[in-house]
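Visitor: Sequence:
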Amino acid sequence: MRRLLPYTIFTCLFHLSSASAENGGQLYSDIEIGIEFNVLDGLSLGADNLNNKLVEQDREIEFDLEYRHDDQLSLFFTGALMDESEIIKSADIKTNHSGLEFRELGIAYLFGDVIDSELKLGRVEYESISHWWSWWDDELDIISLQMWYEDLEAFVAIAEQQAVESTDEDFIDPEMDEIQRLVLSMSWEILDGQILNFYYLKQSDNSSAYHIGDSEEYSRIDEEDADLTWKGLSYVADIELQLIGEIDLELHYSEIQGRSTLYELEELFADVVEVSEKMHEDVDASASGYLLRWTPYLYDQLSLIIAGARGSGDANLDDRDNRSYRQTGLQGDSESYGELFQPELSNLKVDMIGLQWRFAEDMSVELMRFDYRQEVLSDEIRNASIEVEPSGNSRNLGTELDLILSIEHEETLELFFTYAKFKPGRAFADYPEKNLDYVGIDFVYKFH
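When you line the sequence shown up against mature numbering (1 follows the signal peptide of the UniProt record, and there is no 0), it's residues -21 to -1, 1 to 427, in that order.
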């Protein structure tokens, strides 16, 4: 499959370039300028003052091109000239990435009389129907077929990363390399504004296995090989009730089964590690979540938001059955569960309550409080933003308060100011830092 996608895309490009001389197609373009600046103070919870304050700066110019040959066939490309840096000033550590990022590239063919269908080939960005419960929010190298019939919508795809994401990279991320995925999604609008969605993802890891004693550069090694299957069901509704107001409701449930191989690594020298231990385990876990947003009929500028999510944990670490849930790896940023802490939904219970006030047509402010607890006691967290692990003596991970000011004007201007404060719970009582602070500015301007 690795050679099929680029070969097919370039063949179609050659065909359309010659055909366009005779049949005038249409070219559409957009340019977007984005600037992001984030400061996280308390990265190590005070355990290492030289590695405690992180400054991130991202600058990019994104260009979006679409060539419509006719009503059925089109080509698309989205790329970005980007410059990203991460700085830990006290330790004088700076990493920089710059180059051309390939976000979307491919062809699309629309067909069908009774059943409208679209075939896509290439790198395509797909997003979940929910911002709270993120099945995926990522770019996938895929062959996909999407179909619509009355109130039904179906999507099936085969995905495997074919090339690097940026000219700044020398190789495909080992966690994505040779990972084949079969994706199936079916949605049914059971009533007006109420959608029932079934989701299925089968992941097959075909990368080379490691053996005890093997050595490799740390940046090129994948610490886990996993053949996993996710299945989930979601209900998303937008309901308007007289005298009560507008109700946005989400209900989600997911299961994961499969088998994984984990590698323990020991540092040999510089960036080289050695495989010291190899373990196999069976995975069987579940997760659930809900979100309720109420906008009163009498005061539609204000919304109350209540949400919760739970990912199961593993109470017995001595057997080979792992009951801890993990997300698909395609969910993108985990900002749904907090702008600062950003944990993955694994052995975790998140409760959120918030208010949104739209005080002007294009402006709003949100205040949200998150409470984090482990499902079972553990001295590990899966993919949180801080660089320390809990003690394993308490399930109370902490609370976070997020304040977000949003300015969005006619799909042209987006400006977000974010302030977040995380107060560590008893699980981090051994660390001296009592609070973490985060400040973020995100600016986007689009030229149409």
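Quick caveat, the hints were computed from the structure, so don't treat them as lab data.
Any given hint might turn out to be false.
As the list claims (entries may be wrong) - Below, computed lysine to aspartate or glutamate pairings styled on EDC-like, alpha-carbon distance capped at 20 angstroms:
1. Lys210 / Glu144
2. Lys257 / Asp193
3. Lys328 / Glu229
Said to hold, decoys possible - Using C-beta positions, here's what the derived DEER-type ranges look like:
4. Leu161 / Asp409: 42 to 52 angstroms
5. Asn28 / Ser96: 21 to 31 angstroms
6. Phe248 / Asp62: 25 to 35 angstroms
Just so you know, even glycine gets a beta-carbon here, dropped at the ideal spot from N, CA and C.
Visitor: Hint check: Lys210 vs Glu144, CA-CA at most 20 angstroms. Holds or violated?
Guide: 28 angstroms, violated
Visitor: Check the following: the C-beta atoms of Asn28 and Ser96 are separated by a distance inside 21 to 31 angstroms.
Guide: 58 angstroms, violated
Visitor: Against the range 42 to 52 angstroms, how does the distance between the Cβ atoms of Leu161 and Asp409 compare: consistent or not?
Guide: Distance hint for Leu161, Asp409 holds at roughly 44 angstroms.
Visitor: Is the gap between the beta carbons of Phe248 and Asp62 within 25 to 35 angstroms?
Guide: 31 angstroms, holds
Visitor: Do the alpha carbons of Lys257 and Asp193 lie within 20 angstroms of each other, as the hint requires?
Guide: At roughly 11 angstroms apart (the allowed maximum being 20 angstroms), Asp193 and Lys257 satisfy the hint.
Visitor: Can you confirm whether the C-alpha distance between Lys328 and Glu229 stays at or below 20 angstroms?
Guide: Holds, because 17 angstroms separates the two Cα atoms, which is no more than 20 angstroms.
When each numbered hint is compared with the structure, violations occur for hints 1 and 5.
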